[in-house]
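There are 2 protein chains.
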Amino acid sequence: MAVTDLATRTYDHNFRLDPIVRSLLDTDFYKLLMLQMIRHIHSDVKATFSLINRTTSVRLAEVIDEAELRAQLDHARSVRFSKKELIWLAGNSFYGKQQMFAPDFIAWLAEFRLPAYDLRKVDGQYELRFEGPWTHTTMWEIPALAIINELRSRAAMRDRGKFALDVLYARAKTKLWDKVERLRELPDLVISDFGTRRRHGFLWQRWCVDALKEGLGNRFIGTSNVLLAMDADLEAIGTNAHELPMVAAALAKSDDALLNAPYQVLEEWQAHYNGNLLIALPDAFGTTAFLKNAPDWLANWTGFRPDSPPIEAGEQIIRWWQERGVDPAKRLLIFSDGMDIGTIEQTYRHFHGRVRMSFGWGTNLTNDFRGCDPDGVAGLEPISLVCKVTSANGRPAVKLSDNPSKATGLPEEVARYRRIFGTAGHVAAPVLV
Amino acid sequence: MAVTDLATRTYDHNFRLDPIVRSLLDTDFYKLLMLQMIRHIHSDVKATFSLINRTTSVRLAEVIDEAELRAQLDHARSVRFSKKELIWLAGNSFYGKQQMFAPDFIAWLAEFRLPAYDLRKVDGQYELRFEGPWTHTTMWEIPALAIINELRSRAAMRDRGKFALDVLYARAKTKLWDKVERLRELPDLVISDFGTRRRHGFLWQRWCVDALKEGLGNRFIGTSNVLLAMDADLEAIGTNAHELPMVAAALAKSDDALLNAPYQVLEEWQAHYNGNLLIALPDAFGTTAFLKNAPDWLANWTGFRPDSPPIEAGEQIIRWWQERGVDPAKRLLIFSDGMDIGTIEQTYRHFHGRVRMSFGWGTNLTNDFRGCDPDGVAGLEPISLVCKVTSANGRPAVKLSDNPSKATGLPEEVARYRRIFGTAGHVAAPVLV
Chain A
1 MAVTDLATRT
11 YDHNFRLDPI
21 VRSLLDTDFY
31 KLLMLQMIRH
41 IHSDVKATFS
51 LINRTTSVRL
61 AEVIDEAELR
71 AQLDHARSVR
81 FSKKELIWLA
91 GNSFYGKQQM
101 FAPDFIAWLA
111 EFRLPAYDLR
121 KVDGQYELRF
131 EGPWTHTTMW
141 EIPALAIINE
151 LRSRAAMRDR
161 GKFALDVLYA
171 RAKTKLWDKV
181 ERLRELPDLV
191 ISDFGTRRRH
201 GFLWQRWCVD
211 ALKEGLGNRF
221 IGTSNVLLAM
231 DADLEAIGTN
241 AHELPMVAAA
251 LAKSDDALLN
261 APYQVLEEWQ
271 AHYNGNLLIA
281 LPDAFGTTAF
291 LKNAPDWLAN
301 WTGFRPDSPP
311 IEAGEQIIRW
321 WQERGVDPAK
331 RLLIFSDGMD
341 IGTIEQTYRH
351 FHGRVRMSFG
361 WGTNLTNDFR
371 GCDPDGVAGL
381 EPISLVCKVT
391 SANGRPAVKL
401 SDNPSKATGL
411 PEEVARYRRI
421 FGTAGHVAAP
431 VLV
Chain B
1001 MAVTDLATRT
1011 YDHNFRLDPI
1021 VRSLLDTDFY
1031 KLLMLQMIRH
1041 IHSDVKATFS
1051 LINRTTSVRL
1061 AEVIDEAELR
1071 AQLDHARSVR
1081 FSKKELIWLA
1091 GNSFYGKQQM
1101 FAPDFIAWLA
1111 EFRLPAYDLR
1121 KVDGQYELRF
1131 EGPWTHTTMW
1141 EIPALAIINE
1151 LRSRAAMRDR
1161 GKFALDVLYA
1171 RAKTKLWDKV
1181 ERLRELPDLV
1191 ISDFGTRRRH
1201 GFLWQRWCVD
1211 ALKEGLGNRF
1221 IGTSNVLLAM
1231 DADLEAIGTN
1241 AHELPMVAAA
1251 LAKSDDALLN
1261 APYQVLEEWQ
1271 AHYNGNLLIA
1281 LPDAFGTTAF
1291 LKNAPDWLAN
1301 WTGFRPDSPP
1311 IEAGEQIIRW
1321 WQERGVDPAK
1331 RLLIFSDGMD
1341 IGTIEQTYRH
1351 FHGRVRMSFG
1361 WGTNLTNDFR
1371 GCDPDGVAGL
1381 EPISLVCKVT
1391 SANGRPAVKL
1401 SDNPSKATGL
1411 PEEVARYRRI
1421 FGTAGHVAAP
1431 VLV
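Going line by line, the protein sequences match chains A and B.
Under this note's numbering, the residue at position 205 of the first sequence is numbered 205, and the numbers go up by one with no gaps.
Here this note's numbering = 1-based position in the second sequence + 1000.
Keep in mind that the hints were calculated from the coordinates and are not lab data.
Mixed in with the good hints, there may be bad ones.
What the hints assert, rightly or not - Going by beta-carbon spacing under 7 Å, a handful of chain B positions derived as facing chain A:
| id | residue |
| --- | --- |
| 1 | Phe1105 |
| 2 | Glu1111 |
| 3 | Phe1112 |
| 4 | Asp1159 |
| 5 | Arg1160 |
| 6 | Val1167 |
| 7 | Ala1170 |
| 8 | Lys1173 |
| 9 | Asn1218 |
For every residue, glycine included, the Cβ atom is placed at its ideal position computed from N, Cα and C.
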């Protein structure tokens, strides 16, 4: 394990350009898995991804310098997959499977670079858009979020002295380790790091991953961050994400096709990965509608990654399995929406023994500096920033989610989706992270 | 300010000899002030200093390797005052006074080295004794204690991984900074570091001093550690210690001379330093006896450094001033016995506005790792280790103190001192640090 003096490194950030994106593997594993399928089946689709800051009270364009942002985005565009990285992707096994990535895909990655971006300031916020082939724009999601989040952290820390930074990191480490000690009380815990996109910074995420590895042993099963997985010999964790049903839905030519889109992409997935990686996200257009219309074969999948609140969402899926005669104890629920120590403990204790479960711990793992800043200055609390597909082949994309506050898309399209999928089970709740 | 990655440095300690005593200035300032007077007036006195571990439950000889201990003691004997250090001692002002140290004393220091030591293992403890001219043995007190305490810390941390050390220091920093934030609530606080002898380690003491400097601004008036004072441009703090009355008492030829010994050394001090540095320690043989027999001129001194408990000890001295028609608001009390955040707050609030006060913060500043070790292993809690003068010119030395548990000396001599000074005001209390 490399020990980095975080305070010194952070202090030094302020005085030179330290790239935020060090590698194209510094992304979530599911992006690579989805990319392989997108390239195989949907290489002709054009998709636009857009940055959306749901925490509108934080005016990002007033916090982050535009020139710095462009410098980091430009730098990310200059990064290529290195030979070492491609050899590892080709030679490593993932989820116990050799050659998860086909040789022609690896060869294609060797030529890959992030496409152009479109950046402007509008009303105190950044409009950041990526237009082009889905095979390329999809790869911007994680680096774009990581860049904005880390530039925001750096801006908040810019005027701190070395000592204040030293105390800040000491407190953040203390806070995280106290959480680790609580997690140790859960003997059958299965947990992984999902915190790349909202992280405080790359070096801090690395420390957090090291902390879980050190503190939880084999209860920590890995990280969604491919670079950290490679460097620390951990499992890369992830399967697929909302962009698959969102693009399929946008491209659907009729209301019936729209209603069927979420299942169509899961069939593609199942076929593409030969029955591996069978985890479904039920909430792109509302979990209740998804489960109601779901085909029976989905009950044979390994499990679901439910939305929050975790206990209600989990119970709903367990009922669905039971109605289909499936024993939930043989199925898996992966809880990953806004989890923190308290909700992990609660959810673990609630479901323990009834269903297999694992936790994907994101923002509250890699960006919890609340109460840690000795100067008490704002700017380090995490914000709800996402980078979503907003159109496919020129047709608008929509996400409804179980929480209407998290819906994205043109209002008239959101209304149409709500009409078609229904709004049963949608409950408004504040979006914290 | 130099930022040191404490975890890495500590980890590295385990694999090579990293000297604990880096400089002969790595000692308490009062040792140098006393030394100058001892050399001037008592250069013919021989004094023996001995290590006393009052925490007998900690068997030091089973914790600290003898070869390592000898290596560190031998290394300390090889250290000389450097030219830079002597120039600073000669050229710096102390307590606003230029040339506190006379040129001939500085010239004498240039030739100084620590004298031989006598080390043996007895019943799980180390017997460590320094015999020879008082002018030389006195200088072993602080380095000997610092070496034993740091070797004990290192032994406790020897088998910790880098990550456990990282968490350990993060928690210790967090704990200290929380104390700093509480101290900030005391607007008229005056505090200094007195933690050299019982410190966890040199680098950690340096961090603690940096923390107080950073967090308390000019409420932090300096450090007793001369090296840290020089390096960080802080005031060196200190005046005199119990060894002066203890040696004077040991050499006293009659019971009357013994009773007068504590005042005789203060007269010498006053004359030697031309009326500067007028702080008296009242408790070598019991504060009640000291005050009862004290000459009137002592009421004109700047103040006292009372024993604990601080509030009772302070009230007793305030009454004594008032009985002599002296306004306590014009006098100073320096509280330095076993203080920590709680007793500092209590004492500050109790005396605020009635007397000038300052705090010398020792062990609980520089060695408070209680609850910080993620592995929960013992060995980092501070112990009550002292290095006291035990004889002068072959005659046994005694300290009674206000707390009989802290008395040192041959039992028959302790009994004689108790008969002569009386035991009024002596109250037994556990010795924590």
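Hints, one by one, checked against the model:
| no. | hint | in the structure |
| --- | --- | --- |
| 1 | Phe1105 | violated, 36 Å |
| 2 | Glu1111 | violated, 39 Å |
| 3 | Phe1112 | violated, 35 Å |
| 4 | Asp1159 | violated, 15 Å |
| 5 | Arg1160 | violated, 11 Å |
| 6 | Val1167 | holds, 5 Å |
| 7 | Ala1170 | holds, 4 Å |
| 8 | Lys1173 | holds, 4 Å |
| 9 | Asn1218 | violated, 16 Å |
Violation of the numbered hints given earlier is confined to hints 1, 2, 3, 4, 5, 9; the remaining hints are satisfied by the structure.
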